[in-house]
Amino acid sequence: MKEITIEIDGRRVTVPEGVTVFEAALKLGIEIPHLCYHPSLPFLGACRLCVVEIEGARGLPASCVTPVAAGMVVRTNTERVREARRTILDLLLANHPLDCLTCEKAGECRLQHYAYEYGVASSTWQGERKRLEPDESNPFFVRDQEKCILCGRCVRMCQDVQGRHAIDYVHRGFAVRVSTPYDVSLTETSCVFCGNCVTVCPVGALTPKMSRGRGRTWEYTKVRTVCPYCGVGCNVYLHVKDGRVIGASAAEGPAHEGLLCVKGHFGYEFIHRPDRLRVPLIRQGKSFREASWEEALSLVAGRLLETRKRYGASAVAALASAKCTNEENYLLQKVFRAVLGTNNVDHCARLCHASTVVGLAAAFGSGAMTNSIREIAEAELLLVTGSNTTETHPVIGTRIIRAKRAGARLIVADPRRIALAEEADLFLQLLPGSNVALFNGLAHVIVKEKLYDAQFIAERTEGFAELVEALEPYTPEYVEGITGVPAELIVRAARMYATARRAMILYSMGITQHTSGTDNVLAIANLAMLCGHVGREGTGVNPLRGQNNVQGACDLGALPNVLPGYQRVDDAEVRRKFEECWGAPVPTQPGLTVVEMMEAAARGQLRALYIMGENPMLSDPDINHVREALEKVEFLVVQDIFMTETACLADVVLPGACFAEKDGTFTNTERRVQRVHKAVDPPGEALPDWVILCRLAQKMGYPMSYDHPREILEEIRRLTPIYGGISWERLGTDGLQWPCRDADDPGTPYLHKDRFARGKGKFHPVKYRPPAELADEEYPLLLTTGRLLYQFHTGSMSRRSQGLEAMAPEPYIEINPRTAEVLGIGDGQLVEVASRRGSITLRARLTERVARQVVFVPFHYAEAAANVLTNSALDPRAKIPELKVCAVRVRPLGANGSDGGGS
Amino acid sequence: MSERNERCWESAEFRDLLRVHANQPESLIEVLQKTQDLLGYLPRPALEAIAQALRVPLAKVYGVATFYSQFHLQPRGKHVIRVCLGTACHVRGGEKILRRLSEVLGIAPGETTPDRKFTLQRVACLGACGLSPVMMVDEVTYGRLSPQRAVELVLKYAAADEQVAES
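Top to bottom, those sequences are chains A and B.
Taking my numbering, I'd label the letters of the first sequence as residues 167 to 1069.
Taking my numbering, I'd label the letters of the second sequence as residues 111 to 277.
Excised from the complex, chain B in its bound form (with noise of 0.2 Å):
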């Protein structure tokens, strides 16, 4: 990590965002998700920064941001797998691609690989029954997968990264 995204929340877009929302405790739920999508998570000295600009108390800024599922406290991996585990899913084996998945990655479900390419979550459906197995790696599904195939994938992704880097 460069150490410009270490101190991520000292960016000018950060800053050009609180500035917009100086003062409007009303704009908070737009100001985390605008955050989120600048610094890819909610870090704490971010969290201070809206709660100070915004007029909005500290507690009622974490209050929000842990209620909501779409926010991250925690640093996010590049790519972000969501295994589904909904019904249709759970029925044709999501679970065993979840545990393969967690165990060729090192982490448990719910957490961020340590070089921050990939974290794995566990949903409770994609909307996609007609495909399960489904899992999606950002904005691309994959259906029909047997655990094999989904670790196949995930390799794919790390490995086009690599190229990227060294290109």
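Next up, chain A with everything else stripped away, as it sits in the complex (with noise of 0.2 Å):
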């Protein structure tokens, strides 16, 4: 691009061509006064702040939607130029309330910054003033009319960034202002309370009700950290006085670029709830007493010690926990196998991306995402999969949107008509299950036309000609007979994702929770490499991780089968570096997964069970049945921040602190390890999860202790190579991506480039099995299940943040209308859901989003717990539970519950 030099308050700046003169002023280090510019923002020049001189130019440009041309000579602060930026700020104060004194924003409020430095006091200009109300019809902030300028941030937030458009100018001259249609509620409207609109008003005309009347910048620090809810790790500050978190911020951070989702701005009120968990707890009968550390933790050491002399190693067993931090996790696979010696450890990963874990190690040899977030933007096309992105990774989501309007195109495969569907250029609704089959169609389509990368093929894989064989009976009529997506559209979709030049899968819980989640998961990875769409910028099979940590937790070895850095327990080599450094032996023989712990605790081989931050009496599939196992375990321990359904079976419960109270790192979905900080104290006696480790493996008899997490992550980096270049002080601001061997290591934003990590990629022939459950007279409906943008796993964050509480309160079961009417069902009737294995009772929401033989329960609500629904048939390789896919039947309820009359 041709670079151009120009002057700019005497001084010389070369830009690239098109580069605005505000843009060239800030690359010299001057800011030019401003209110409507912001980086994120398409430019407006609506506000005229930032006018200056140009020498040759008529009147007053404004330099923010200024190209540079050459030879341009720029004066920014003249007399003329700061005379006008005084009339103007007089006009616009003409039309503000002038109360600075009560505004929440006194302090960064940009048109105060710039009435003082300007020196202009109150307006000259006297006349009608705006006189509206506050907009206080949401939970989560309030927009004040009269103070906004109407720069118009919030409208291209809104518009251009989030993809909304829930508001924009409405009305003509003097009465214009921002608003809804009809001023109705934004909750009325599409709006998904991001937030991100409150983050650039640069004024107080939108302000968090959170942090309403409770401090002011100067009276509140701000500490940087990672958001504890999806796997997208936005990085977001914690507003904190008085030992408190009154508010919250977004950060900037490259997995975000500074934009937030609802939950991640405004999900915080469950740190301080006061149903927090503040002191030990010991089963007294039906009840708890209060107990010291001391006490509490010696009961735990005493008993799990005594399970293993008695029963064996096998008979203890720990969850680790996808929300606690990396060191945490490490620290708790290190005390099961160095000090109980036992790989029974695993965690709730094995219910979202086991098959993840499994079939990309096989195919490519890691077991994670790709590419990177970012590199979104940089593809040509988006093939979205068993992802309901806007509301699972909302941030995520708005970037595969954004992509979208700026060209490049989307195919969404899912059982829903989910909201990306509606953006969608090709949506293929299969039918839950169907995947295999739906990949392999593509792929055969791909074959069948030749539009395979020869050369990717002959050069960096192997097995194809096994593949061309498997494929051979998937054609499209085929495979429109298992997935109910017409022929045609997968003839379209094959022929668009071959022929795009950087084409990137996204996938999520809709392929791994299945009993052929692993094979889904070879079709997805046999698809990219015969496109040659891995290893590369743009492309690459991309897992959403769903929780802040579930990366990192896998990473860091809470996982039965490998060490941290996925690292085999089998292999004798790698055993030797960690009981070197451990001082104490490894076990060899790989341990249980969740489900198969559950399994062996209610047969009665698994006699202890330590939990720290999980919740399997609702994220596991079949409650029932994981009731009657942690009922049968004999001792039971759970560490948690709540009193959650499982602590409510414990014997002890031990108080964590939540991830505002600690130190640490979290993984991100994108391989980013990122720093986490403490910002307040735990609540009590509540400690972090890492110190309650060091004390209870101290009273084991093992001395294990650390002044920081961060020596714990120096002793992971000496004995986890993919870690091996991540230290607590390398990782700053923007964190490093893994691979990341050495000290000089940049970290790696995408994988497989050049080699797959195994060398070759391998193709593996998958076959389409259907799943372990179909719809039959009994059972004559298939039960898929989900999230909701406005709740979190298993609620207990979520659930206590008001907003979020205020927005989905309900369990609900989504039913085709059609569906409806044959079962004699209205909107919001009560309805009982039955499958094999337990019954609920809910209200039906009737939408077109599900297809007539599917329906949808979102997995949250305790009240209607959808894994009482769920099958715990299993994947054979990855252990990952079907929770996607069983059959069940619905039938009408009256109001208060009763029968409905209905057949």
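If you're looking for bench data, these hints aren't it; they were derived computationally from the structure.
Incorrect hints may have been included.
Here are the simulated SDA-like cross-link-like pairs (lysine to any residue), alpha carbons at most 20 Å apart as the crow flies [claimed, not checked]: (1) Lys844(A) / Glu385(A); (2) Lys919(A) / Ala528(A); (3) Lys170(B) / Glu589(A); (4) Lys227(B) / Gln273(B); (5) Lys407(A) / Asp829(A); (6) Lys170(B) / Ala572(A); (7) Lys170(B) / His331(A); (8) Lys170(B) / His337(A); (9) Lys170(B) / Gln325(A); (10) Lys170(B) / Ser356(A); (11) Lys926(A) / Ala620(A); (12) Lys227(B) / Arg192(B); (13) Lys170(B) / Gly329(A); (14) Lys570(A) / Arg165(B); (15) Lys570(A) / Gln162(B); (16) Lys170(B) / Val342(A); (17) Lys170(B) / Ala341(A); (18) Lys170(B) / Phe340(A); (19) Lys296(A) / Phe177(B); (20) Lys170(B) / Arg568(A); (21) Lys170(B) / Ala212(A); (22) Lys170(B) / Leu316(A); (23) Lys170(B) / Arg338(A); (24) Lys570(A) / Glu136(B); (25) Lys170(B) / Thr355(A); (26) Lys170(B) / Glu588(A).
Both chains are given apart, each in its own frame, so use the hints to dock them into the complex.
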């Protein structure tokens, strides 16, 4: 691109053609006053505060919309310019209340800042003023129209970045303002309450409700940390005053570009909820009594050692936590492996991406997202499957929408007509559990039409011939019969994917939570390798991880068959390395997975279970069975921040610290290790989980102590090659993406460049197998489960955050209106949903989002837990249960839950 | 008002219009104009249908519809009276004419009579300053008015409508 040199305030600067004068000035460190300009938003040139003098130009151009031209001579701060700015501020203040004394935004208000700088105390203009009541109609933020300066930042954020366009300028002239159509509440619009409009508002027009009246910028400190909800890994500032988190705001970060979703922005009330666990509790009959740490940990240590002594190490197991830090997960598996001598360590990744870890490790040699979130913008085509991204990974969801609107093509394959389907070029509404058939069908077309990348296949892969043979039966017509997707769409999708120069696949639970989960992942990997869409920027196979640190918990060996860094426990060389560091033998046999632990417990073979920050009583399939199993366990320890459904069954409950109360690291879905910083103290006597684990180890006679998690990270670094270059100091604010092998390694944005982690990529021929349970006469509908934007996992955090709970307070079942009609079910009616394993009662929501033979229930709600219904049938290799498909029947109930008369 | 007019956005003509412009966000203003021609104003269900058909967010549709003075979100009278208050008309008593019509019709400027016969509007200039003070009823311009003369003209329109209705 052509470079242009201009002069600004007597200094020369060279920038690429097309850059604005404003940006060129920024490069020189000159910040021209501005209100409507924001680096994340399209330029508008509305506020006119950024006017400058340009030699030879007429008037005073707005620098934010004036491109540089060769030889320009710009002056940014002459008296003429300053006078123009004073006039603009004078005009703005004519219609802006001067209530800085009580304004939430005082101290960080741009208008206040410039009024001070330019000495404009009040307006010289007297006249009619806007008089409008503030809009308080949503649970998250307030819009004060009187303070609005009409800069349009919120409109552009909503329209161009977030892609919702819930608000716009309405009316004209003096009456113009930013609002919704017909001034309805935002809760009745397409708004998703990401609050990114609040982030960019330069004045006090948009302010969060949570922090109202609780302190202003000079009163609180901002602590940078990582959002504790999903796996995107957005960076946030927690606002801390007098030891309490009084608010939160977006921080810039590479994974999310300063954007947040509703949970990351407003979901923090749970931190200071009075029902946080504050002291250790020991079971006494049907209730608990408070205990000292000394007593509780002595009891836990004693019982764990005793169980091992009497029944052997295999009678002891632990569930690690995708919510805890890397360091804590590392310590948990270390304690159970080194001190108790068992590999019975697993966590909820088993229930979400175990099939990814197994499948992608087999195909590529590494079981993580191959590419980076940022690269979504580089892809020419995005194939999103089994992921309701705008609700489960909202910040990635908006990035997909932005990419689509910027010209990328989008294919969505999902059993439900999710929000992304509305944006898609092609929507393939497949039946739950028919994924292998669909992807084999796409591959079949690509092979038949010779659209594959022959050079890539020859140089980088093996097993192509076997694949071609296995794909033979999967003609579009045959696949239509299995999936319900029209053959013609299958052909079009295949051609679009194969002919794009850079195509990226993004997927989630809809692919993995099946008895065919590993096969689904392999079928996707086959498709990507077939077209050479791996190992380059803007391509790849990208499993979106659900929890803030589920990637990290896997990385750090909270899995029964691998030590940290996916180093196999059955490899003597690996074991020796860990044994040297830990000073204790590492057991050689792989341990039990989550669902196998429950089975072993039910059989009486697993006698002591230690659960750190997990809630299997809601998250695991077939909850009635889980309850039986946990009740049968002789000694159950739950370490958590709330009295969860699982903790209620425990013998000892240990109060842990939440993310805001400790230092450590989380690893996000794109393998980015990021620093988590302590903002406040834990409540009562609660302790960071890493401290609890150290004390427990000591009680069991194993010396283990660290002064700070950075020391644990240092130990991890020495033992884990993919984390080999990751130290607390190096992480800084942007973090590092593994593999990062040594102190000079900048980290790896995308995997498998030039060479797959396993050498050559391996095609695995896979066959379609139907789900373990299909609809039949007795249970005629297919149930699929999933997540909602306003809730998270088992709800222990989101359901304790008022706004989130207000937006999604109640469980429901989505039923197609035509199916509902046949069953005699009206919208909002109570229904009973039953599977072979149990039944739940909840309200029906009639919607075309689901096909006629499919129903959907979100799994967050204990009062109607979807997992009472789900099937614990396992994928044979990954041991992931089939949470996404089971057979159910639905019948209407009367208003009070009685039988409704319908059949 | 007939049942059909109450739910005018369900008319076949309107549905045809939306079909022709389906997935054409760039046709928004044209569709708004044609819709107003068809329906007399822009009722909320029509704007919602336009948003859906053209694939334009409702916020944008509403923003555009409220920005241009040519668009009306409320029902309009059968006859639209525009009283000029440009400089020349202002000097020669336009304000008095407006006030008098407002009293006789029982509505403020910008409003429509409950029987939807008349909409009264104040406008800045009709470009007929030589005839001031001026008003327009629908497409006809009347000049050199007095408040009395203006009222007589408006009553004539009302009478003519009644005759048509009786015959």
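Hint-by-hint comparison with the structure:
1. Simply put, Lys844(A) and Glu385(A) have alpha-carbon atoms about 18 Å apart, close enough for the 20 Å limit, and the pair holds.
2. The hinted pair formed by Lys919(A) and Ala528(A) meets the criterion: a straight-line CA distance of about 17 Å does not exceed 20 Å.
3. For a cut-off of 20 Å, the pair hint linking Lys170(B) to Glu589(A) stands: about 18 Å separates their Cα positions.
4. For a cut-off of 20 Å, the pair hint linking Lys227(B) to Gln273(B) stands: about 14 Å separates their Cα positions.
5. The straight-line distance between the Cα atoms of Lys407(A) and Asp829(A) is roughly 18 Å, inside the 20 Å bound, and the hint therefore holds.
6. The hinted pair formed by Lys170(B) and Ala572(A) meets the criterion: a straight-line CA distance of about 19 Å does not exceed 20 Å.
7. Taking the CA atoms of Lys170(B) and His331(A), the gap is near 8 Å; set against the 20 Å cutoff, the hint holds.
8. Taking the CA atoms of Lys170(B) and His337(A), the gap is near 11 Å; set against the 20 Å cutoff, the hint holds.
9. About 10 Å separates the Cα atoms of Lys170(B) and Gln325(A), which keeps this hinted pair within 20 Å; it holds.
10. Restraint check for Lys170(B) and Ser356(A): satisfied, since their Cα atoms lie roughly 12 Å apart, inside the 20 Å limit.
11. Straight-line distance between C-alpha atoms of Lys926(A) and Ala620(A) comes to about 15 Å, which keeps the hinted pair within the 20 Å bound.
12. For the hint pairing Lys227(B) with Arg192(B), the CA-to-CA distance comes to about 14 Å; that is within 20 Å, so the pair holds.
13. Annotation: proposed proximity of Lys170(B) to Gly329(A) holds, straight-line Cα distance about 13 Å (limit 20 Å).
14. Pair hint Lys570(A) plus Arg165(B) holds up; C-alpha atoms about 15 Å apart against a cutoff of 20 Å.
15. With a C-alpha separation of about 19 Å, the suggested pair Lys570(A) and Gln162(B) falls inside the 20 Å cut-off, and the hint holds.
16. Under the criterion of a C-alpha separation no larger than 20 Å, the hint pairing Lys170(B) with Val342(A) is consistent with the structure, at around 14 Å.
17. Restraint check for Lys170(B) and Ala341(A): the C-alpha separation of about 17 Å stays at or below 20 Å, so the hint holds.
18. A distance of roughly 19 Å separates the Cα atoms of Lys170(B) and Phe340(A); the hinted pair therefore holds under the 20 Å criterion.
19. Between Lys296(A) and Phe177(B), the direct Cα distance comes to roughly 18 Å. Compliance with the 20 Å bound is thereby established for this hinted pair.
20. For the suggested pair Lys170(B) and Arg568(A), the alpha carbons sit about 18 Å apart, so the restraint of at most 20 Å is met.
21. With a CA separation close to 18 Å, the supplied pair Lys170(B) and Ala212(A) stays within the 20 Å bound.
22. Of the supplied pair hints, the one linking Lys170(B) and Leu316(A) holds, its CA atoms being roughly 16 Å apart against a limit of 20 Å.
23. The hinted pair formed by Lys170(B) and Arg338(A) meets the criterion: a straight-line CA distance of about 14 Å does not exceed 20 Å.
24. At roughly 18 Å between alpha-carbon atoms, Lys570(A) and Glu136(B) fall within 20 Å of each other, so this suggested pair holds.
25. Between Lys170(B) and Thr355(A), the direct Cα distance comes to roughly 13 Å. Compliance with the 20 Å bound is thereby established for this hinted pair.
26. About 18 Å separates the Cα atoms of Lys170(B) and Glu588(A), which keeps this hinted pair within 20 Å; it holds.
The structure meets every hint from the earlier list without exception.
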